[in-house]
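Asker: Residues per chain, in single letters:
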Amino acid sequence: MSREKDVPNVKRRRFLKGAGLAGAAAIAAPLNAVAQTGAPAPANNPVPLPNKAAETQVPPELEVLTEGKSGSDFMVDCIKSLGFEYMAANPASSFRGLHESLINYGGNKDPEFLTCSHEEISVAMGHGYYKIEGKPLCVFAHGTVGLHHATMALYNAWCDRVPVYVVIGNIMDVQLRRPGIEWNHSAQDPAAVARDFLKWDDNPASLQHFAESAVRAYKIAMTPPTLPVLLVADGALQEDPIPAGMDLRIPKLPRISAPQGDAGAVAETARLLATAENPVLIADHYARTAQGGKLLVELAETLHCPVIDTSGRLNLPSRHPLNQSSRARAHLSQADVVLGLEMTDYWGTINSYRDQIHRTSKPITKPGAKLISLGSGDLYTKSNYQDFQRFADVDMAITGDGESTMPMLIEAVKTHVDAGKKSAFETRGKKFAEMHKADFERARTDATYGWDASPVSTGRLCAEVWNQVKDEDWSMASPTASLSYWPQRLWTMDKPYHFIGDGGGMGIGYCASASVGAALANRKHGRFTVAIQCDGDLLMTIGVLWTAAHHKIPLMFVMHNNRGYHQELMHVQRMANRHMRGLDRAHIGTTLRDPYIDYAKIAQGMGIAAIGPISDPKDLGPALTRAKAIVKGGEPVLVDVVTQGR
Amino acid sequence: MRTTILSRVMTAALAFGVSTAWAADSPKGDPAKGRALYMANGCSYCHGTAGQGGGGRTGGLRIANMGIGLEAFRNQLRHPVNEMPPYVESAMPDQQVADIHAFVSSLPPPPDVKSIPILNK
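Residue numbers (numbering that gives the first Met the number 0), protein chains in the order written: chain A, 0 to 645; chain B, 0 to 120.
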């Protein structure tokens, strides 16, 4: 893909002469060429047909058409220096140089190529992978068309504060684009379509530029708030030889430390928490690492105060006595000091909102309650997409990474806790422990309602899945909102990989691919991964089943197949009731019936073992037992369960 | 069953501090008709086919075995307190409300939690 200026004069002359000959032959011989193939001549084809007749002759001068090493080899060196284990991609011509260098020069190892059928799958796999492994997945994508496919998953990752490292191909130089398709697949500013939800992107103009931007991108992505980044790999940079004598250097990746909150503000927060009657902690996207959860437990047990885990991550063990998430409203209404940790929607947590014909809201917290936020979200915000949510008028906003600031906050709180306070706090904590115990007992009783119902109740579904995984080193990769949060209510979640939050932007299509990405990360740790998979979500990116089969990623998909887009069905119900028109047509556009979709057959067609559909809850336990054995044998499996809406 | 329902209506009406006049004159509900109406009118979307309810922001309350009185039940349908969509009389006459209420009130109690091994591990 050399530019003319890069071609030595002799070679250029030879090239031009050959081109001239070829051009003349092309004019003279297209009908012959077509006759040789036996194919009809396409009408009005703007692209000249190849001169196949020339292949039967010996040209006067021979071109050199091979090279030993190209820029894409060096790009792979750069990518390898960052420690990626995997690179997920749907193959595309705009990164063909990188593709070939990765699998041959790079040995298809660290990173290993993961074959995906859609770029949304590639990015969403990276989304789930990061939340288990704590480091990004590399994704290659076609410039333009591939990136357009990837944008939904990038937006989900953005909203969920997940770094994904994307490299797209593009051909900037007009002289080097083949007529036709490569023009459609090139852009002046290819990252523009995704820039609203990228933390940083660059379009390097040289190999050294690529090296520096490759490391810079990784550093930016991994500094809280952790977010997606993108690099453009120009086609000529990929495919041209590395010029002789070029001194290329890959910068070292520094150890990245997260920004801490201001010490004075932290000290004041500690004083407020320690002297409050009813302090409450709320944690959302707080726990970035395993250490985060441990630190939150330490703070909560120092204060013996309620913790509300809004499930952005697993911030506090589900069975910890101070986990008061199911009583969030009651505790917040009594709170005099509230500390929100890495909140993505603080306002929505401390206010109630009513979706009726007149949308209304009112504060849950009482007047005068001191509200404090601690998080890295304020360090990076963009304007267009509104994922920053409604403005929370807190009394003190501490900008810094919640997890990194936590040790300082704990130490500061402890300075305020003397023996008398400790005793009072412990008494307070015992009360919350009793509440937690009662909540758990109530959840078990609640699960008995609809126990034998068909379709299967979500409570029964989650109880049966829990029965299979509880004795394993398990990891739940899917969100729980559409399951009425039964896993948090019934399961003992006490390791960070037991629950990894939801899809961030709530764009459906996240769960299946993110679950495969999470299972990929769990595989080397020998963990048993389960995903309770909604039907509508799976349909968006169903090709990921093949990826799981092809790469032998062990994962138990248990379908939450309510045969529709149930959330939307409820929205249409709301509108139909508001307009007093009845519900006999609410299923139009919202349900997946007539015919019902047989997910087991689809999975089998993708090379995955499958069981179902199961409608009788009595069949569920035995089916899951069989499925579990398949996963423990190192393969993915899908169990299709026909379920209640919620 | 009717005695039970009526007693629950009275109890709930008193508990909610509302007039019992409507309850006393209210139509008698038919649980079989009520079941069909419950399914056809989208009650099960949020509350489940067994009235088990669902959690979270969009799931409905459990309504099985809650002892909700007819008048409170009707008031919630006509003028929902939280996010439940309203069911006006032209879309769901009082007789249908009574039928659905009768169905909900007829739902059997669930199995004892202690009888379900996997909920006790």
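No wet-lab data here; the hints were simulated from the structure.
Idealized CB from N, CA, C, for every residue including glycine.
Mixed in with the good hints, there may be bad ones.
[Unchecked claim] Sample of chain B residues facing chain A (criterion: CB under 8 Å; computed from the structure): (1) Gly41; (2) Cys45; (3) Ala63; (4) Met65; (5) Gly66; (6) Asn81; (7) Pro84; (8) Ser89; (9) Ala90; (10) Pro92; (11) Val112; (12) Leu118.
[Unchecked claim] Quick list of in silico lysine-lysine cross-link-like pairs, DSS-like style, CA-CA up to 30 Å: (13) A:Lys365 with A:Lys436; (14) A:Lys469 with A:Lys218; (15) A:Lys430 with B:Lys120; (16) A:Lys469 with A:Lys523; (17) A:Lys134 with A:Lys79; (18) A:Lys134 with A:Lys494; (19) A:Lys369 with A:Lys381; (20) A:Lys523 with A:Lys293; (21) B:Lys113 with A:Lys469; (22) A:Lys369 with A:Lys429; (23) A:Lys68 with A:Lys51; (24) A:Lys430 with A:Lys369; (25) A:Lys381 with A:Lys218; (26) A:Lys600 with A:Lys523; (27) A:Lys108 with A:Lys293; (28) A:Lys523 with A:Lys79; (29) B:Lys113 with A:Lys134; (30) B:Lys113 with A:Lys430; (31) B:Lys113 with A:Lys523; (32) A:Lys68 with A:Lys79; (33) A:Lys436 with B:Lys120; (34) B:Lys120 with A:Lys617; (35) B:Lys120 with A:Lys631; (36) A:Lys436 with B:Lys32; (37) B:Lys113 with A:Lys494; (38) A:Lys469 with B:Lys120; (39) B:Lys120 with A:Lys293; (40) A:Lys600 with A:Lys469.
Asker: Hint by hint, say whether it matches the structure.
Answerer: Each hint tested on the structure:
1. At a threshold of 8 Å, the smallest CB-CB gap from B:Gly41 to chain A is about 5 Å, leaving the interface hint in force.
2. Using the Cβ-Cβ criterion of 8 Å, the hint placing B:Cys45 at the interface with chain A is satisfied: the shortest such distance is roughly 6 Å.
3. The criterion of a C-beta within 8 Å of any C-beta in chain A is met by B:Ala63, whose closest approach is roughly 5 Å, and the hint holds.
4. Interface hint at B:Met65: violated, since its Cβ lies 10 Å from the closest Cβ of chain A, which is beyond the 8 Å cut-off.
5. Given the 8 Å rule on beta carbons, the hint for B:Gly66 is violated: about 14 Å separates it from the nearest Cβ of chain A.
6. The interface hint given for B:Asn81 is met, as the beta carbon of that residue sits about 7 Å from the closest beta carbon of chain A, less than 8 Å.
7. Annotation: interface hint on B:Pro84 holds; nearest CB of chain A at approximately 4 Å, less than 8 Å.
8. With its C-beta approaching chain A no nearer than about 6 Å, B:Ser89 sits inside the 8 Å limit, and its interface hint holds.
9. The beta carbon of B:Ala90 comes within 5 Å of a beta carbon in chain A, closer than 8 Å, and the hint placing it at the interface holds.
10. With 8 Å as the threshold, the beta carbon of B:Pro92 stays out of range of chain A, its nearest partner Cβ sitting at about 12 Å, so the hint is violated.
11. For B:Val112, the interface hint holds, the least distance from its beta-carbon to any beta-carbon of chain A being 5 Å, beneath 8 Å.
12. The interface hint given for B:Leu118 holds, since its Cβ lies 5 Å from the closest Cβ of chain A, which is under the 8 Å cut-off.
13. Proximity of A:Lys365 to A:Lys436 is assessed by CA-CA distance (about 27 Å); at most 30 Å being required, the pair is judged to hold.
14. Between A:Lys469 and A:Lys218, the direct Cα distance comes to roughly 37 Å. Violation of the 30 Å bound is thereby established for this hinted pair.
15. A C-alpha spacing of about 25 Å is found between A:Lys430 and B:Lys120, which places the hinted pair at or below 30 Å, so the restraint holds.
16. For the given pair, A:Lys469 sits about 20 Å from A:Lys523 by alpha-carbon distance, which is consistent with the 30 Å threshold.
17. Under the criterion of a C-alpha separation no larger than 30 Å, the hint pairing A:Lys134 with A:Lys79 is consistent with the structure, at around 14 Å.
18. With a C-alpha separation of about 18 Å, the suggested pair A:Lys134 and A:Lys494 falls inside the 30 Å cut-off, and the hint holds.
19. Taken as a hint, the A:Lys369 and A:Lys381 pair is honoured in the structure, with Cα atoms around 27 Å apart against an allowance of 30 Å.
20. For the hint linking A:Lys523 to A:Lys293, the alpha-carbon distance of about 24 Å falls within 30 Å, and the restraint holds.
21. With a C-alpha separation of about 19 Å, the suggested pair B:Lys113 and A:Lys469 falls inside the 30 Å cut-off, and the hint holds.
22. For the hint pairing A:Lys369 with A:Lys429, the CA-to-CA distance comes to about 24 Å; that is within 30 Å, so the pair holds.
23. Annotation: proposed proximity of A:Lys68 to A:Lys51 holds, straight-line Cα distance about 29 Å (limit 30 Å).
24. A hinted pair counts as satisfied when its Cα atoms are at most 30 Å apart, and A:Lys430 with A:Lys369 qualifies at roughly 23 Å.
25. Between A:Lys381 and A:Lys218 the alpha-carbon distance is near 19 Å, which keeps this suggested pair within the 30 Å criterion.
26. Distance restraint check for A:Lys600 and A:Lys523: the Cα-Cα separation of roughly 29 Å lies within the 30 Å cut-off, and the hinted pair is therefore satisfied.
27. As the CA atoms of A:Lys108 and A:Lys293 are separated by approximately 34 Å, the hinted pair breaks the 30 Å bound.
28. Pair hint A:Lys523 plus A:Lys79 holds up; C-alpha atoms about 19 Å apart against a cutoff of 30 Å.
29. In summary, the hint linking B:Lys113 to A:Lys134 is not supported, as the alpha carbons are separated by about 44 Å, beyond the 30 Å threshold.
30. At roughly 26 Å between alpha-carbon atoms, B:Lys113 and A:Lys430 fall within 30 Å of each other, so this suggested pair holds.
31. Restraint check for B:Lys113 and A:Lys523: not satisfied, since their Cα atoms lie roughly 38 Å apart, outside the 30 Å limit.
32. Between A:Lys68 and A:Lys79 the CA atoms are separated by roughly 16 Å; this keeps the pair inside 30 Å, and the hint holds.
33. Restraint check: the Cα-Cα separation between A:Lys436 and B:Lys120 comes to about 15 Å, which is no more than 30 Å; the hinted pair holds.
34. Distance restraint check for B:Lys120 and A:Lys617: the Cα-Cα separation of roughly 18 Å lies within the 30 Å cut-off, and the hinted pair is therefore satisfied.
35. Under the criterion of a C-alpha separation no larger than 30 Å, the hint pairing B:Lys120 with A:Lys631 is consistent with the structure, at around 22 Å.
36. For the hint linking A:Lys436 to B:Lys32, the alpha-carbon distance of about 40 Å lies beyond 30 Å, and the restraint is violated.
37. With a CA separation close to 28 Å, the supplied pair B:Lys113 and A:Lys494 stays within the 30 Å bound.
38. The hinted pair formed by A:Lys469 and B:Lys120 meets the criterion: a straight-line CA distance of about 9 Å does not exceed 30 Å.
39. At roughly 26 Å between alpha-carbon atoms, B:Lys120 and A:Lys293 fall within 30 Å of each other, so this suggested pair holds.
40. Restraint check for A:Lys600 and A:Lys469: the C-alpha separation of about 28 Å stays at or below 30 Å, so the hint holds.
Violated hints for the displayed structure, listed by number in ascending order: 4, 5, 10, 14, 27, 29, 31 and 36.
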